[in-house]
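Starting from the known structure of chain D, fit chain Y onto it as the hints suggest.
2 protein chains.
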Amino acid sequence: MTKDTEIPDLPTEITPQSKDFGRWYIDVVRRAELADYSPVKGCMVIRPYGYAIWELMQQGLDRRFKATGHVNAYFPLLIPESLLMKEAEHVEGFAPQVAWVTQGGNEVLEERLVIRPTSETIIGVMYAKWVQSWRDLPILINQWANVVRWEKVTRLFLRTTEFLWQEGHTAHETAEEAQEETMRMLGVYKEFAETELAMPVMDGQKTESEKFAGAERTYSIEALMRDGRALQAGTSHNLGQNFAKSYEIKFQARDKSVQFAHTTSWGVSTRLIGGVIMTHGDDGGLILPPKIAPYQVVIVPIPRGNWKETVLPKAQAIRDELVARGVRVMLDDRDSQTPGWKFNEWELRGVPLRLEIGPKDLEKSQVVLARRDTRVKAFVPMEGLTPHIEQLLATIQQALLDRALAYREEHTSQADSYEEFKAIMEGRPGFVISPWCGSATCEAEIKTETQATIRNIPFVSTDATGKVCLRCGAAATAHAWFAKSY
Amino acid sequence: MTKDTEIPDLPTEITPQSKDFGRWYIDVVRRAELADYSPVKGCMVIRPYGYAIWELMQQGLDRRFKATGHVNAYFPLLIPESLLMKEAEHVEGFAPQVAWVTQGGNEVLEERLVIRPTSETIIGVMYAKWVQSWRDLPILINQWANVVRWEKVTRLFLRTTEFLWQEGHTAHETAEEAQEETMRMLGVYKEFAETELAMPVMDGQKTESEKFAGAERTYSIEALMRDGRALQAGTSHNLGQNFAKSYEIKFQARDKSVQFAHTTSWGVSTRLIGGVIMTHGDDGGLILPPKIAPYQVVIVPIPRGNWKETVLPKAQAIRDELVARGVRVMLDDRDSQTPGWKFNEWELRGVPLRLEIGPKDLEKSQVVLARRDTRVKAFVPMEGLTPHIEQLLATIQQALLDRALAYREEHTSQADSYEEFKAIMEGRPGFVISPWCGSATCEAEIKTETQATIRNIPFVSTDATGKVCLRCGAAATAHAWFAKSY
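Listed in order, the protein sequences are those of chains D and Y. The numbering of the first sequence is this note's numbering, which starts it at 1 and goes up by one. The numbering of the second sequence is this note's numbering, which starts it at 1001 and goes up by one.
Estimated spans, in silico, between C-beta atoms of each pair:
{"id": "1", "chain 1": "Y", "residue 1": "G1305", "chain 2": "D", "residue 2": "G60", "range": "43 to 49 Å"}
{"id": "2", "chain 1": "Y", "residue 1": "D1402", "chain 2": "D", "residue 2": "G187", "range": "47 to 53 Å"}
{"id": "3", "chain 1": "D", "residue 1": "V323", "chain 2": "Y", "residue 2": "S1133", "range": "25 to 31 Å"}
{"id": "4", "chain 1": "D", "residue 1": "D335", "chain 2": "Y", "residue 2": "Q1316", "range": "56 to 62 Å"}
{"id": "5", "chain 1": "D", "residue 1": "S365", "chain 2": "Y", "residue 2": "E1321", "range": "43 to 49 Å"}
{"id": "6", "chain 1": "D", "residue 1": "Q398", "chain 2": "Y", "residue 2": "G1305", "range": "52 to 58 Å"}
{"id": "7", "chain 1": "D", "residue 1": "E321", "chain 2": "Y", "residue 2": "E1410", "range": "50 to 56 Å"}
{"id": "8", "chain 1": "D", "residue 1": "Q398", "chain 2": "Y", "residue 2": "E1309", "range": "43 to 49 Å"}
{"id": "9", "chain 1": "D", "residue 1": "G60", "chain 2": "Y", "residue 2": "W1341", "range": "36 to 42 Å"}
{"id": "10", "chain 1": "D", "residue 1": "V323", "chain 2": "Y", "residue 2": "K1308", "range": "42 to 48 Å"}
These are calculated hints, taken from the structure and not from any lab test. All residues carry an ideal CB built from backbone N, CA and C; glycine is no exception.
Just chain D, with the same shape it has in the complex (with noise of 0.2 Å):
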């Protein structure tokens, strides 16, 4: 066993995102100690740093997962060969893709059991069993949970064999209960993106060929990466009656007869961190909106002449102060390092605030702030100083926000022409609007001569009566947003 040597050491200098974005991206993964490659083919290693970012997630959607009255619950890693085989569009889509478990102990098994890909199967089984009339639904249930799919290209945290995620799965009396159920949590999803992650996202509807495995409708929601790349950032599936049907979710209903119940499912995944890394950070590294970051705010005391004395005490009372409101600080008294160092290492690491504090700033009865988005640095006033923190973590988070809705207008464009759509995509990418037929086969073609795909279709569309697909010139259906993506 050698594969651990196989793993190559941390980069030292961060790749700039003009030379090689792709480099840049994962030189910040690793020199920020987000994630580690591990000796598993395709499998990472969440290191503490981005573990803490991915609590944090959890935290703010858990908490709108309980506000819209979900609640969690845990099922079986492994699903029985046969339990996966009963959605046939389902097996279809994601057979080709999932670890086998044939062997358990010594034993090799009767029936070969699948490692999940997603759960909509198994909790088909339960939600059969504990689904009896009416009374019983809603069922509103998510799962926090890992996943294994097998992943010929891996990335680390977009693309992983084994991913982390929730997955909700609920059933419904009435298809337009499990279709305002599917809103409501695409919904969700976009709110969470904007106000936490400073993430703006394109919410729509897939098309057919885009659509989840089994599913009626799929809606996703689509945020822009700083190389003009999209990436699907959650998605939302009304799966109608298909599931309930394969699995036998059925109930008496208020009028005495048999139904099958009409369900959902919706995730997003440790992937988010990702988006965050691609959608805020330079080059210098990582930039964190200060709502999701371990540290908001970094104290790098500055050493000279009897500072553990003078420096350092105060430097503790600015932190005590600050956590007694619930901000989240690191305070690097480190001996081993100097400042320039450290200010390097947390500006890499992305915390929002850097807050330096030396002998001069004492007598000033002042210290420096270093903001991390628009590196300015500013002297502030001791007096009054925890009330200017939380202010400015809360200016920190609406200006990432703002920069990056800037930049997705920048990077959005409208497009009649097939001419004019492959020049952009050549160019500058980003979301482009154009019309389309609806084939599959237009779609198909698009993506094959320019890799730009149909990341959705757009709730709120500028009418396209009178235009024609911009592939085959046919009268178009719809306006679609086309981009590049992960």
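Positioned in the frame of chain D, the structure of chain Y alone reads:
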């Protein structure tokens, strides 16, 4: 696929403990909707009510881990066979009970993977990458995860093929620090079990034959269930340099020499839920300690007259005031069920306190409070109700611990002779402390002959000088705690 139909229907009645304790346990778990069987052999579904208990346990533990300097991270689910094989004792202990992944998608794997039964191996490889110098130590990481161990006989929560747990993995510069950490975390477990779960535990050291595969020393906490059997409720292992040597976790020491790290690991699992059920429950069902009860108070309005205009608003106001104070409240205002049905249902689900309020109570400005543990009912004035309830919840928490302590005391005895020992194990079992010679042979024979195992060797033992081994009559080296166990 008809396995789902093999899941039996939920029990309608709870078997009395005195009739069949094992049946009582399963009835409570399923009827209170804590967990259910699944279509996957040996794997359970943790239902929302059970999962809510686990979430509260997680919060209590996670807070304690962080307060003792630990951070969370996440390591891969899948471990290459060659990696598992590196620590000889470890593989001997775990290889017979792992699930093997042999195929990914359509590709048969060159090297088989195991689903982690525990993560020392994969974490060891990563620590070897991350640790270079004594300055990189200690590493204090915890992981919340699922693990799989192929079990022949399973029981909901107590022993399942897949279960949820936390596993702490730390690496240290010196043997002393590793031992301190091992004992610190055992202490955290003991304090947590007693404070949050009201579950008294014996702490001590495991014998050679009961220790973790690959550990130098294993320590455990052991709780006594209401059928007189012990439950191992948490373990903390000092792994010495065994894993550091197998996985090459080495570092440049302060004296510039190259040294192997000293590592520890420690874990508790969803098994704790089983422990709580069997520590506190009675023939009426579950009794939950307030600190981990998803609902600490259930409010049942008595539906007389125009109760929806009179009683219900008051019930809602009481709920809102309690919730504002952080009390977890269920207001059961369902029309479809009678108060009597609700009383029974919430008793079965172990809610510590029931609040009844009807038109007459409104007139008298009072409510009825019924304790689940003692079943005592009392009229309590509306004035000062919230602080009264907060106080009462604290009282119930303490009363449950006291009752469990008293039960343990009644079921703990000393036996110096084997006849005495066997009589106890055949009659009313419990913990028995007896002198032992330290030989694994005697330990094994005692187990064969009486089903009792050594749970652990107490830290503070009465002097064994002059005593002889229970089984062989040779000089005793220590007193040991014996019990039949889960």
